[in-house]
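If you read the protein sequences in the order shown, they are chains A, B and C.
Counting in our numbering, the first sequence runs from 347 upward without gaps.
Counting in our numbering, the second sequence runs from 51 upward without gaps.
Counting in our numbering, the third sequence runs from 59 upward without gaps.
Please keep in mind that the hints were generated in silico from the structure rather than gathered at the bench.
Heads up, the beta-carbon is just placed ideally off N, CA and C, and yes, glycines get one too.
Please note: incorrect hints may appear among the correct ones.
[Stated by the list, open to error] Label-pair restraints from in silico Cβ distances:
| id | chain 1 | residue 1 | chain 2 | residue 2 | range |
| --- | --- | --- | --- | --- | --- |
| 1 | B | L304 | C | T365 | 36 to 42 Å |
| 2 | A | Y612 | C | E235 | 54 to 60 Å |
| 3 | C | Q125 | A | F520 | 46 to 52 Å |
| 4 | B | A298 | C | S380 | 38 to 44 Å |
| 5 | A | P401 | B | S276 | 57 to 63 Å |
| 6 | A | R434 | C | E262 | 56 to 62 Å |
| 7 | A | M443 | C | M389 | 43 to 49 Å |
| 8 | A | V573 | B | L97 | 25 to 31 Å |
| 9 | A | M443 | B | V297 | 51 to 57 Å |
| 10 | B | L304 | A | R434 | 52 to 58 Å |
| 11 | B | L304 | C | R388 | 27 to 33 Å |
| 12 | A | E682 | C | H327 | 51 to 57 Å |
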Amino acid sequence: MTDTSTTPVKIRATPEVRRARIVGGILLVLAAFVFWFFGLNVMGNLDATFKITLPTDKIKDVKMILNTRTLAFVVAGVLAFLSGIQLRRSTEKRTNMALAIGLFFFIFAFLAWAAAGKSFSLVGMLRSTVILSVPITLGALSGIMCERVAIVNIGIEGQLLASAFAATILGSAFGLWAGVVGALVVGALLGAFLAWLAIRFQVDQIIAGVVINIFALGMTSFLATRVLSKAQDLNSAPQFKAIKIPFLSDIPLLGSMFFNHNFFIYLMFLLVIILHIGLFYTRWGLRSRSVGEHPRAADTVGINVFTTRYRNVILGGLIAGLGGAFLSLTQISRFEENMTAGIGFIALAAMIFGRWKPFGALAAGLVFGFARALQQKLGILATPIPSEFLLMTPYLVTIIVVAGVVGRARAPAADGEPYVKE
Amino acid sequence: MTESNDTNHPNPEESPTKRQLPNFLARVTGGNTGWLRSLLIPTLAVLAALIFGALFIALTDLEALALLKEDFRGGLSLMTDGVSVAYKALFTGAFGSIYGLSETLFAATPLILAGLSVALGFRAGLFNIGVNGQMLIGGMAAVWVGLNITLPGYLHIPLALVAAVLGGALWAGIAGLLKAKTGAHEVITTIMLNFIAFFLIEYLLTTPAFQDPGRNNPISEQLPLSARLPDIFGGDYRVSLGLIIAVAAVFFVLWLLYKSSPGFEFRAVGFNPKASRYAGMNVEKLLILVMGVSGGLAGIAGANQALGLSPYMVTSGFAGTIGFDSIALALLGGSHPLGVLWASILFGAMKAGGRSMQAAAQIPLELVTVIQALVIVFIAAPELVRAIFRVKPPEKEKTQLTKGWGG
Amino acid sequence: MVLELRGITKSFPGVLANDDVSLSVELGEILALLGENGAGKTTLMNILYGLYTPDAGEVLVDGQQLQLSSPSDSINAGIGMVHQHFMLVPVFTVTENVILGIEPTKIGGFLDMKAGEKIVKDISGRYNLEIDPSALIENLPVGIQQRVEIIKVLSREARYLVFDEPTAVLTPQEVEEFFQIISGLRETGKGIIFISHKLKEAIEIADRIVVMRDGKSVADVDPEKVTEEEIAELMVGRPVELVVSKKQAEAGEPVLVVNDLFALDDRDHTAVNGVSIEVRSGEIVGIAGVQGNGQTELIEAITGIRTSLSGTVSIHGQDVTSALPRDIHRMNVAHVPEDRQESGLIINFTVAENMILDSYYTQPYSKGMQMDWDIAHKAAERLVKEYDVRTPSVDTQVSSLSGGNQQKVIVAREFDRDVGLVIASQPTRGIDVGSIEYIHTRIVEERDNGAAVLIVSSELDEVMALSDRILVMYGGKIVGEFDPKKDSTTEIGLAMLGGTK
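So that you can see chain A by itself, here it is in the shape it has in the complex (with noise of 0.2 Å):
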């Protein structure tokens, strides 16, 4: 207890300062592991071999040899600097790059680590972060498009569940760009579905999304074991075949990453594209954004909020069930239950993440494109980490980011509200 009079003017620690220095403690405590684990632990002579090309391109054979070891102190310095800048801020800004930088560095030596003594294909990782990312950026993207508007979209799950089966059953029986129609209408009929519950009778959208998602999961568990196991030719889709972009896909290794896949990939870039332009440089995006943060003023200048609302979920719905088309048309062929496992929910994170702008989601996607590409190599690494911790990653790392590691982001305004007019 302090007296009232004049005691020297103590600055208590606001939050964000608190947070940087938070960051600044990890920091030190991940130098201090990767010194000890990913130095000191291993042993002197262990290289780990990056390959940097794939066996089928032009330029072949780039590897990046490092030694693990030197690697590891090499980070650890880095790690340890950065942490030393971060404790002693007094402000928040840039907290959020060194987090990344420090991260970036931590995988670095990770995967040195990993590698140890063997060799491992840093491209094929990073081609993988890039296809695994695709049905989280476009139900990112999806989810943007309904949070725009402020109708909080948490069916997203379902959504790529219901259209994905839709496109492997359209897709066995009827070809590729049937099956790509199907899920395309599905996706936007769920929406549809979401928005008449939240917008005609004002159900709480989160559980409007729940039903969503277990409407969907029980349709197509319940179709799939009544008509596919007995049909099986309509399980089998036809998948999309990768195209090259001349020229550009000879490039050591952002021609793997990012110019050798089908048309779904370089649709989802378009795309992010598109919805940028679209929603910050177009009426359509003014007048989109207006409901999603005031839609009373919205609707006092004659924009009508529900149709809005109604239409960008229903666009909302067709990127999702293009996310489900993915699925089935590239990825796998057979339909299986449940098969997209939390891809939804994680696309969720990945928009917060992204804070609602397109690009953002594209960055968030890739973020966890990776975590997921990293649990898939490192079970073939045969690491002696469990393999079922591996697969916890991707859902961890969505809680790390859904925290707020990465700080608060600001909502469209009125997300969530129903909007009742007088």
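With chain A held as given, fit chains B and C onto it using these hints.
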């Protein structure tokens, strides 16, 4: 919104439905009043769901569909036969015999606990979608006690149950803590924790503390007799001590919510965290506490599944779809403990009957899931039900507020 | 050139909001529509604006009847509404807000922001409304935001402008500026309807005044020919005490001492910027100031809701700077929060539950964890009687009560114990005159019983009437101390705008 509450009657210039909105339970349940009315909608919802279920059965009957093309009448009667066989099996399986009833109650037991878990969360404004994971962790804790500690039965089981409560509470508490300290939305965190729990269990079932010594798969050793939940009726009837615990839990939650001061706080926070904070309540602590109790209930449900099912050997799937169902149960029961009780018995009936339906008519059990989803849809949008059955809305429904049914 | 409402009748379940109301306004005229909260003014305006359809009656412009079924219809008819709570998107710029709905576009639907800015600059220049087109609304002070609303309305070529409680959030000086603006608009030939409950302002600026009461229009007068008292009586239906009668204050020891307090707002800007206050027992200190100058954050910091950055707060000599709200409560502090529906009450709880909202955990309402609802009920019934709360029963949900009665529930709860310090924020905002009088009386009563009272209000009249001492808060600081008996509203108003004595 213009402040124009002034005269001594309610303000007409504020839109009536606007005042319904702060209460998300009312939004969920459509704002019903009256005891009889509050039974009407859920009943009709279930009825509507069953009707749609029948449609699904009919429209996926591949043989009947094929026959329809040639012989319309024949195909149609094949369809209706299919549906009636299915539903007959459903009902007799659930209620047609003492054995059926016991199966219903047996299936209802974990549902009651799981439903209470979610309902309690709803009351405090929290969406606990993590019952699955909490069941797994709680159940595993109980299994650990069962396999690694030797005690006589009357001590062994209580200890196992305590472990289950703690396990479930801990797991849910993580989500509660994250929400309280970082604002992380519990829908995402609990779902993520579900997956993590699943993999954790898969791993644990390969460790010596759990794994059956003779096997390579992730399956536990068989529980000793002292750790198994005893059947209370003996013989073929599978109803176990778990049922008694579940019913006791119903009354516990009833007391907790409406007669205890923590319950008062839960409900306050559920309606208005800001005002609760102004009134001096520690909202962060309450959020964690609610998740803890909710998780504890789920943990007991997990223990019931782990310790109460022959052959008393646990795999990672021991929680089944109960976590899933728990949300529907909480909604159907209006987030009220007694409502959850009835809803659980209903769903238990569907599960028990569903098995006979699967055996008799080859209808996959997932139909029950579909019906459940439909039930939620109809509960969430009572107007849909009303439209189907042409029920008139209660007169002054829109200007009256409720706290959910029977609340 | 006239806008007319003829015989407008509108009812809602249980209440007749507009009962055969007629009024008219001409181009080049300012009409003030006066009435108590809930007299029916807002309903009438919502009808004019196309948000409601009247049960009977019509709206005519120049003799032509209008079909108004949405705001667009009104806008097309040349009627523009500036709402009390601004219809501005905080994260958009001024230009984006102004062009919303009438966006100039290039091929393909792309926004033509240059054209948009030109629109803003044109209107800004023509009507003398200084504004930066690229500023974000959330960074603009309220008075400037209002200008954006006006520009918005003018950009749709409104000929009749309706202002709903426009001066609620302005300092006296800003009000003067606002009057200049609407006079200017009148000179350019616009017809203006100015809705308010503030007599003084109506008398000052309007060419004609229409008074509404209980859904009817009861008078159409020339402001130069009536007195304030006459209008007040018309508004309320009975003679009104415009001054609270109280005896001389007898101030004693300091109860609340705030020393050099600093606190941030929710967006991490400094809101409380070195505030020192002292409130002694037996006196009422009123903090005057336009909302948004740190008063909210100050009260939150004092009552433990918000953590302060530095400085101290002490009550009865005890340091409570880092104390929890509950601990402060226990020190015999009564707190009537600023927003009764959000912070003061749990709207879905019953009257009884709200009555014990801060004491439910104590004896006799609970023993350990078990609550005793019988005792709680009885206590609630007693309080309802004592504090004249009009409610069908203590088991009615508080949401069904009128604003005034809701506020009385809060007051009953807070005052029903030995109170040493009363902190009341906006205690009578949006409630009827009867309840206002009642609450004012109760506050003075507490003072007379020796409590220290701190009031925060943006209604200068209320502060002047209740306080023994007035402090003005501006920009997070206390910029002046005034004596209501000696100093004038002009001086105080100047301080509210940042000018010091």
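Each hint tested on the structure:
Between L304 (chain B) and T365 (chain C) the C-beta distance comes to about 38 Å, which sits within the given range of 36 to 42 Å. For the pair Y612 (chain A) and E235 (chain C), the beta carbons lie near 57 Å from each other, so the given range of 54 to 60 Å is met. Between Q125 (chain C) and F520 (chain A) the beta carbon distance is about 51 Å. The supplied range of 46 to 52 Å therefore holds. With their beta carbons about 42 Å apart, A298 (chain B) and S380 (chain C) fall inside the hinted range of 38 to 44 Å.
A hinted range of 57 to 63 Å for the beta carbons of P401 (chain A) and S276 (chain B) is consistent with their spacing of about 60 Å. Hint check: R434 (chain A) to E262 (chain C), Cβ distance near 58 Å, so the stated range 56 to 62 Å holds. Hint check: M443 (chain A) to M389 (chain C), Cβ distance near 46 Å, so the stated range 43 to 49 Å holds. Under the hint 25 to 31 Å, the C-beta atoms of V573 (chain A) and L97 (chain B), about 26 Å apart, fit the expected range.
M443 (chain A) and V297 (chain B) have their C-beta atoms about 56 Å apart, which keeps the hinted 51 to 57 Å range intact. For the pair L304 (chain B) and R434 (chain A), the beta carbons lie near 55 Å from each other, so the given range of 52 to 58 Å is met. Take L304 (chain B) and R388 (chain C): their Cβ atoms lie about 31 Å apart, and the range 27 to 33 Å holds. The hint said 51 to 57 Å for the Cβ distance between E682 (chain A) and H327 (chain C), and at roughly 53 Å that hint holds.
In terms of the numbered hints stated before, the structure departs from none.
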